[in-house]
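Visitor: Listed here are the chains, written in short residue letters.
Protein chains: 2
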Amino acid sequence: MENFTFYSPTYFAFGKDQENNTGKYVRRFGGNKVLIHYGGGSVVRSGLLDRVKNSLKEEGVGFVELGGVKPNPRSGLVYEGIDLCRKEKVDFVLAVGGGSAIDSAKAIAAGAVYDGDFWDYYQGKVITKALPIGTILTISAAGSEGSPDSVITNENGMYKRGASGEALRPAFSILNPALTQTLPQFQIACGITDIMAHLFERYFTTTKEVEVTDRMIEALLLTMIKEAPRVIQDPADYQAQANIMWAGMMAHNNSCGVGRAQDWASHDIEHELSAIYDCAHGAGLAVVFPAWMTYNMKHDINRFAKLAVRVWGCQMDFEQPENTAKAGIAALKRFFISIGMPSNFSELGAKEADIEEMAKKACYGDGRKGTIGGFVKLNENDVANIYRLML
Amino acid sequence: MENFTFYSPTYFAFGKDQENNTGKYVRRFGGNKVLIHYGGGSVVRSGLLDRVKNSLKEEGVGFVELGGVKPNPRSGLVYEGIDLCRKEKVDFVLAVGGGSAIDSAKAIAAGAVYDGDFWDYYQGKVITKALPIGTILTISAAGSEGSPDSVITNENGMYKRGASGEALRPAFSILNPALTQTLPQFQIACGITDIMAHLFERYFTTTKEVEVTDRMIEALLLTMIKEAPRVIQDPADYQAQANIMWAGMMAHNNSCGVGRAQDWASHDIEHELSAIYDCAHGAGLAVVFPAWMTYNMKHDINRFAKLAVRVWGCQMDFEQPENTAKAGIAALKRFFISIGMPSNFSELGAKEADIEEMAKKACYGDGRKGTIGGFVKLNENDVANIYRLML
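In the order they appear, the protein sequences are chains A and B.
Position one of the first sequence corresponds to residue 14 (our numbering), numbered consecutively onward.
Position one of the second sequence corresponds to residue 14 (our numbering), numbered consecutively onward.
Don't read these hints as lab results, they were simulated from the structure.
Any given hint could turn out to be false.
To be verified - To be clear about the criterion: a stretch of chain B counts as covered by chain A if any three or more of its residues have a C-beta under 8 Å from a C-beta of chain A, and this derived list gives those stretches: (1) 220–230; (2) 236–249; (3) 262–276.
Heads up, the beta-carbon is just placed ideally off N, CA and C, and yes, glycines get one too.
Excised from the complex, chain A in its bound form (with noise of 0.2 Å):
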């Protein structure tokens, strides 16, 4: 185990009807003036807004609004947000809604007190200070709620960057599982395949004796794997909700990540796709994850057996650990078909011509240096084959 630090500072507040202590928790927290941010009407249809806004005005906090966040939020609506909380002095960002609410806010509350361009942030650049941030869940997956970090798509070449920072750790997060008994199926089961990517970005490691987080990430993915079948079926399944919902708050507030070299080469794949076809992150991800595997399992055959072993129940095959290996990415495979994720190319809308373009913006764009990846570094010509292996 490598040495680490960990804080996770951030207020949680689970359950039913959670969401009408709002103004409770921005007042302890500090705020008096807030932006509240979120994406389409479903928010507004839900009455959840109406449900926030009152629990505001009961504690006498003031507030502005900003809508219309995308799925891949885009920098645009950040640079309305930066302005709108300077001419309104506010104080406090409050994200309603999934990782792209919460993502798009974060970058808001971090640039609302910087005196440069908040790209900067997504450049690279160290991020000390921003407005507090509070955020109302409505989606399983991101798990931006308790996370430092925010991913952004700079509609100036459609690059979908990355920034992190413990000043974008929310003050208090309020997971309600009820807000996701409505969701569509698909988004879904998006969600899942977003958190269970969390889990593999950090499974698969180049560290040594790392049992005790090896053994949360299997738990967590075993949860995802009892729970989603349930809320695939009925997602008004409370309990099955709520588990997933916890499930994946954990997976990435990287409590079972610390100490340990991470990937994150499958995330940065799928952003190239997501941000050139508009894809669901999570579809991409069920697309990328199973051939990101296939590419790198050589690499440490042990460890892609004991994930099987561990998490799908795979016999393990002592003389030919690699057929393990397989038969667990096959499990995975089938588990994402089964919750309606596509698993190639052409279910994603993807084409096979812009691969090169995209293996070289996923290497080189923005600042990159060639490779991307922790378990494996990858480079231009590895990406491209693994975007082959989704054909």
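On the provided structure of chain A, position chain B as indicated by the hints.
Guide: The following block gives chain B in isolation, referenced to the frame of chain A:
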């Protein structure tokens, strides 16, 4: 799953040499004048205390010292610490040691800013404020480095009681596994037992649909089962100590205990043993737990069978699940014996003649109303029967 809130804002610095950053962390969390609180000579002899003091001096942080904390920490020293803090205008309490030093430091931190008798907090008064607390952990065991809990023995009657409150969560905790490499085998084994007990107390629940936390508890137990034999054989095994140390924190900061009823009767039953015989808390728990399990198994055979199958690798007996449940308890007993723990009253130095008095104190002492436990409510007679299973 039940509604819950979870707030674990402790900053964890994990790994080799982290204690050399003590001064920096004290400053970060607002300390100018520190009470260094510790136990016996090992902290001094090992040079740890000097390294800590040097780190404080480098940052210009003032300090006073109070050593002498004993296992099962006593109220007398807490009063002394509170007086010292007030006299010396201390604004930060730093524990260097294990659970006893940390629990005693927490009591001092709360008592120093309270007008009444600190013991009020250990009789149920809500803790709303305390001086900020830092810890430098020297043994993986109590989990107090990440928890909001403290247990103190009142010398007036030898009652061992707990207090809890968010204000008792340490501001920072330094976890350096290298500090545990020189511990005696028996102390290491007691710590391992305590960590596992914290997991069992959470595992045995009446709450349904808690797969995510079930799986996480199982993950940490599986880690202990893998790593414990390694450190018992060779305490200098840094990697095994590191895995145990992080598991010990995760076992008790409640990230895997949220949203579910918990039990804690076994801790109550043990506290009477260590209060009277001054046996090590972990050693007491090793004797208590198999007895508690045997007595209460019938209330939810499937939960005991699940533990046996998932954690101990027992085969499920689908015709007679109670056989599987029993096999799991037998495996636990063998495990405790294998790491050098006692398995009955006489090995613990406990006396049959005291059973009725202890059962009475456990159920009625210090304000309790006749029953203990969450998984099963135990009365005085039940507790006495459980003690008798330990003979």
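Visitor: Taking the hints in turn, state whether each one holds.
Guide: To see whether the hints hold, each was checked on the structure:
Only when three residues or more bring their CB closer than 8 Å to a CB of chain A does the claim for the segment 220–230 of chain B stand; here the count is 8, and the claim holds. For the segment 236–249 of chain B, the stated coverage by chain A holds: 3 residues have a C-beta nearer than 8 Å to a C-beta of that chain, and at least 3 were required. Counting residues of the segment 262–276 of chain B whose CB lies closer than 8 Å to any CB of chain A gives 4, which reaches the minimum of 3, so the coverage claim holds.
Every hint, counting from the list given before, is met by this structure.
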